[in-house]
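Novice: Can you build the whole structure from these sequences, using the hints too?
In order, the protein sequence lines correspond to chains C, W and X. Note that this note's numbering numbers the first sequence so that position 21 is 21, with each residue one more than the last. Note that this note's numbering numbers the second sequence so that position 233 is 674, with each residue one more than the last. Note that this note's numbering numbers the third sequence so that position 11 is 804, with each residue one more than the last.
Careful: at least some of the hints might be erroneous.
Now the in silico label distances, taken between C-beta atoms and shown as ranges [said to hold, decoys possible]:
(1) W:D487 - X:E935: 32 to 40 Å
(2) C:M25 - X:G977: 44 to 52 Å
(3) W:A614 - C:A424: 20 to 28 Å
(4) W:P686 - C:G20: 44 to 52 Å
(5) W:I475 - C:P143: 36 to 44 Å
Since the hints were derived computationally from the structure, they do not count as laboratory data. Glycine residues also receive a C-beta, built at the ideal position from the N, C-alpha and C atoms.
Given next are the chains, with one letter for each unit.
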Amino acid sequence: MYNRIRKLPIFTHSHRILIGVFMLMAIVALAACGSDDPTAVPAQPTAVPASSSTDTSGPTTTTATTPSTAELHGGSPDIFLKGFEDAAADSSFRATSKFAAAAKPLAAGEKLKVGFIFVGSQKDLGYNQAAAEGSQYLEKAFPDIEVLRSENIPETADVQAVEEQMIRDGATIIFATSYGYSGPTKAIIEKHPDVMFLHMGDVESFENYSSFFGNIWQLEYAAGQLAGHTSKTGKLGFIAAFPIPQTLLNVNAFHLGAQSVNPDIKTTFVLTSSWCDPAKQATAVQAMVEAGVDVLTQHQDCTKTIVEAAERAGIYVSGYHQDASPAAPNAWLTGAAWNWGPVYSEIVAEIRQGTYKSSVMFQGLDAGWVKLSPFGSFLSDEVKQSILDTVEKLRSGNFQPFTGPITDQDGVIQIADGVVPTDAQLQGTGYLLQGITGRTN
Amino acid sequence: MTTPISLNQARGVAITLTDRPIVRSLMAVAFAFIVFGIFIAIIGRDPFEVYAKMFEGTLGSKVGLSEVGVRMIPFVLTALAASIPARVGLINVGGEGQLYIGAWAATGVALYVDFPTIWLMLPAMAFAGFLGGAVWAGFAIALRHFRNVNEVISTLLSNYVAILFVNVFVFGAWKNPTGFGYPYTANFEVESILPAIADTRLHFGLVLPVIGIIATYLFLSRTRWGANMRAVGGNPDAARRRGIPVLRYLIIAMLVGGGLAGLAGMSEVSGIQHHLRPGISNSLGFMGFLASWMANHNPVAIIGTCFLIAVIVVGGDVLQFSGNLPSAAMLILIGLVLFSILGFRRFERKTE
Amino acid sequence: MSDVWLVLGGTLTGAVGPGISVLYATYGELITERAGRINLGIEGSMLMGACFGFIATVETGSVTVGIFAGMIGGGALSLILAYLVIYRNTNQLATGFALTLFGAGITAYAGRSYVDSTIGGLNPISIPFLSEIPKLGSALFEQDILAYTAYALGPLLFWGLHYTRTGLSLKAVGESISVAYAAGRNPYVIQIAAIAIGGALAGLGGAQLSLGFTHTWSEGMTVGRGFVAVGLVIFAMWSPLRAMVGAFLFGGAIGLQLQLQTVGAPVSPFILDMLPYLIIIFVMALWSRASARAMPEGLKGVLKATT
Chain C
1 MYNRIRKLPI FTHSHRILIG VFMLMAIVAL AACGSDDPTA VPAQPTAVPA SSSTDTSGPT
61 TTTATTPSTA ELHGGSPDIF LKGFEDAAAD SSFRATSKFA AAAKPLAAGE KLKVGFIFVG
121 SQKDLGYNQA AAEGSQYLEK AFPDIEVLRS ENIPETADVQ AVEEQMIRDG ATIIFATSYG
181 YSGPTKAIIE KHPDVMFLHM GDVESFENYS SFFGNIWQLE YAAGQLAGHT SKTGKLGFIA
241 AFPIPQTLLN VNAFHLGAQS VNPDIKTTFV LTSSWCDPAK QATAVQAMVE AGVDVLTQHQ
301 DCTKTIVEAA ERAGIYVSGY HQDASPAAPN AWLTGAAWNW GPVYSEIVAE IRQGTYKSSV
361 MFQGLDAGWV KLSPFGSFLS DEVKQSILDT VEKLRSGNFQ PFTGPITDQD GVIQIADGVV
421 PTDAQLQGTG YLLQGITGRT N
Chain W
442 MTTPISLNQA RGVAITLTDR PIVRSLMAVA FAFIVFGIFI AIIGRDPFEV YAKMFEGTLG
502 SKVGLSEVGV RMIPFVLTAL AASIPARVGL INVGGEGQLY IGAWAATGVA LYVDFPTIWL
562 MLPAMAFAGF LGGAVWAGFA IALRHFRNVN EVISTLLSNY VAILFVNVFV FGAWKNPTGF
622 GYPYTANFEV ESILPAIADT RLHFGLVLPV IGIIATYLFL SRTRWGANMR AVGGNPDAAR
682 RRGIPVLRYL IIAMLVGGGL AGLAGMSEVS GIQHHLRPGI SNSLGFMGFL ASWMANHNPV
742 AIIGTCFLIA VIVVGGDVLQ FSGNLPSAAM LILIGLVLFS ILGFRRFERK TE
Chain X
794 MSDVWLVLGG TLTGAVGPGI SVLYATYGEL ITERAGRINL GIEGSMLMGA CFGFIATVET
854 GSVTVGIFAG MIGGGALSLI LAYLVIYRNT NQLATGFALT LFGAGITAYA GRSYVDSTIG
914 GLNPISIPFL SEIPKLGSAL FEQDILAYTA YALGPLLFWG LHYTRTGLSL KAVGESISVA
974 YAAGRNPYVI QIAAIAIGGA LAGLGGAQLS LGFTHTWSEG MTVGRGFVAV GLVIFAMWSP
1034 LRAMVGAFLF GGAIGLQLQL QTVGAPVSPF ILDMLPYLII IFVMALWSRA SARAMPEGLK
1094 GVLKATT
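Specialist: Shown next as structure tokens:
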């Protein structure tokens, strides 16, 4: 019986040929359809920097890059440098000498290799893309730098493997761009004393392991203020992935900003437990709308879904990581975005000059590390101006919205009356403010 | 004087040669690499250069080889976690979840038990990891025995539950009080860390898969229990008639499988991460499951398939920056290799 | 009290929103399993549908083309499984897993340059009168066209499986290949067709996810929903009508947990997140005996659960 079934017409040779042809067509179609990764093409330096010579051994304090102010979006090179000077003045920084490999003069035609490791896709329209664009900026700014990129690297032994391989390939500076890379990276720094590891978002530093992160909460505060002006229901929503400190700080700042214009404002904080799950994000938007929220913002790795879902639901949305205003012309208020390119360029320039010091650095508007996304076209000039004033106040450093008393959800005073918290304290936020509905665990 | 062999004889030799599983597997891998090479050529890269870089980055250097070894530790353990239950006809797709629970249990010991020496601490953690994985797998076998729930689905879905379960602790009670609110547990004391071997990145977690493979091999091929297991896997009814306690074998196989996956979790937290955090595994459990099927659940062949997967995974990381291939390309290659190894296997006649 | 209504509403809205794509995948898997095969590559098929549906919509500007491209993508991927398991007699579970990996790779590669594309997509159509029912109306009857076809497909499949010749042949193949052969059918052609149609339906589910529900393509956006669909088929005991219940329950659990968070429920969101998976396992355990009776004979080789 079985043998007879086996002789059925489907098991003939002509069918096998057909299958082969089908497979071949599929491969060709796939190759044709997936166009090349644009970042894979070596970037041609469009604007050759004035002073990015290979032997910047002297302690020159000029920026090695001359990015246009348009690219900087509000952080001019001078302001930008200030951040580094402030940081250098801080006593917690140590002088370093061991990671000098990157500072060595290069032979003609040789390139300095800088590695970048991303936890997600470089094309996620979010956190990783912002970092990847920063790396492209770095490549453009220095014609003698070659950037090595690896994406979708999980925060496990994989990141160590990629770091080891990049070092084997000749990289002397490595940017580990996800907070979860800290543990695995710190485990191998001792083995490579002449390589500089730069981590984004850690709170400690070693000889050749430095950490930095942007005070993007400043812009969340400004965006929150705009949300407070815009909201009619007095309910704001914040869709986050995981309750990590950076997220909690952002939602607190957003709430605080809104509270400054509307003391009765309520913020709802919802977690999706995934850095990128568009379906859950869209469901969260629906849940927010049901709950009467009319201004949304988010902390996710991929940001497009929430912005577009808000547009379709007819509520307002404030962006994060990247400018996504074209996706939501009627809903987009403004957004907090990164400006990593100049930061990376500056750090690399300092390392090459031998002036960089291993440190934990948090900088915000004053150094141009973060930038405000464009405003929605429907906003009145009056409101826009008031937000710009707030941004200016935050930039000047005279205004710290987290000045105590700051009371958390349970009524516990987290920052005492009159106390001005440090950046490092804020980056370790583990609570939600009064007026926010949600949980931290 | 040589007698000329006839065409038929030559064909016979060729057929017996290609009937050997190892030859067929090598043919399959070669086939997959050729197909992927065509794909690389179509997107405008030189396949020879890409492959050269890939092998140079994995097998051609000490760094690469040591990375392949590091990656193989959890692969082999999770592959064994799938293969031992498969011997008795159980399908364990829950390696990922068992790994997480094993890591969780081992971390619990590291955080709350205070042994003075590494000689007590690490075995205690390994035991806890094994126990954790075994208990998690135990739920599936209990559901199967008492409620007739098939283990494929229950282990598959319990993976997601296990990951969330770890999150509950890492974001909650176990969060490091001095860790600035990041979702990590406190760093392990030096007694709870698997030390590195010489100056490579390999850690002493390597001992676990080595013992696992040898023990499984000896157990399956040299003992009566191993033979009984095969009988249970082949035909449980016949085994039962021969007086083999079928249920006991099923339970033990599943628990040991889950335990081995738990050990993989222990070796990841103790050897690599040095604390527990979300996302300690990137589909290690699923990869192990596939490696086990590719090896036809043979513990020795598992070494080969895990090695192959580790080479592709590590090579893929290298190719991202040295060959400008996106990470997705490596998933395509792994998929192709799996298809062809499964597809090239000699046709087993199924009886109805 | 208002909170209770709110959570109820959120559950209902969530049931349909993220539920529809899972429902299509469940239908697809159901057809495949009724023919005696199990396809764990349904997750990959969903990704293919989501990705190629989105790409086609961006390139042609037509959602209709996108929907068909999604179905073709999902179906094409499952044809690989059909070839391997039927021609090469490989293990279905391992092949299915490999297929999922392969599909994830292909889609991540092909969809790379479309992540930031915006599309018009499928937009909700309100059904007059019905959509005005409080809570229920807006949840069920303000959906995109693919949601309505999914409502209709359940009863249609039920009728098709039990009352048409094609459906009966399909079930016959699932019960016994030999008997179906003796009855004058070509069982393998039927199985291949069932696997392909199953993949195409999963692709349709993926397309609904990317074109209808989220208007987005991003790498690995199904996040395990295909595997959930495999569980739901057993939950549904191979009946399309119960599949609707299961998929909406799964979606509802997602909606429920998100809405509970908005009212500040004192439970960890991670525990709430476990709900969908625990519910499926729990119900499977509860109805296990009926489920064993309903299982197609042909599946018992893979899905046996008696010792």
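Novice: Determine for every hint whether it applies to the structure shown.
Specialist: Here is what the structure says about each hint:
With their beta carbons about 54 Å apart, D487 (chain W) and E935 (chain X) fall outside the hinted range of 32 to 40 Å. In this structure the hint that M25 (chain C) and G977 (chain X) lie 44 to 52 Å apart at CB is violated, the actual value being about 34 Å. Between A614 (chain W) and A424 (chain C) the Cβ separation comes to about 25 Å, which falls inside the hinted range of 20 to 28 Å. At about 50 Å, the CB distance of P686 (chain W) to G20 (chain C) agrees with the hint of 44 to 52 Å.
At roughly 39 Å, the beta carbons of I475 (chain W) and P143 (chain C) sit within the given window of 36 to 44 Å.
Hints 1, 2 from the list above are not met by this structure, while the remaining hints are.
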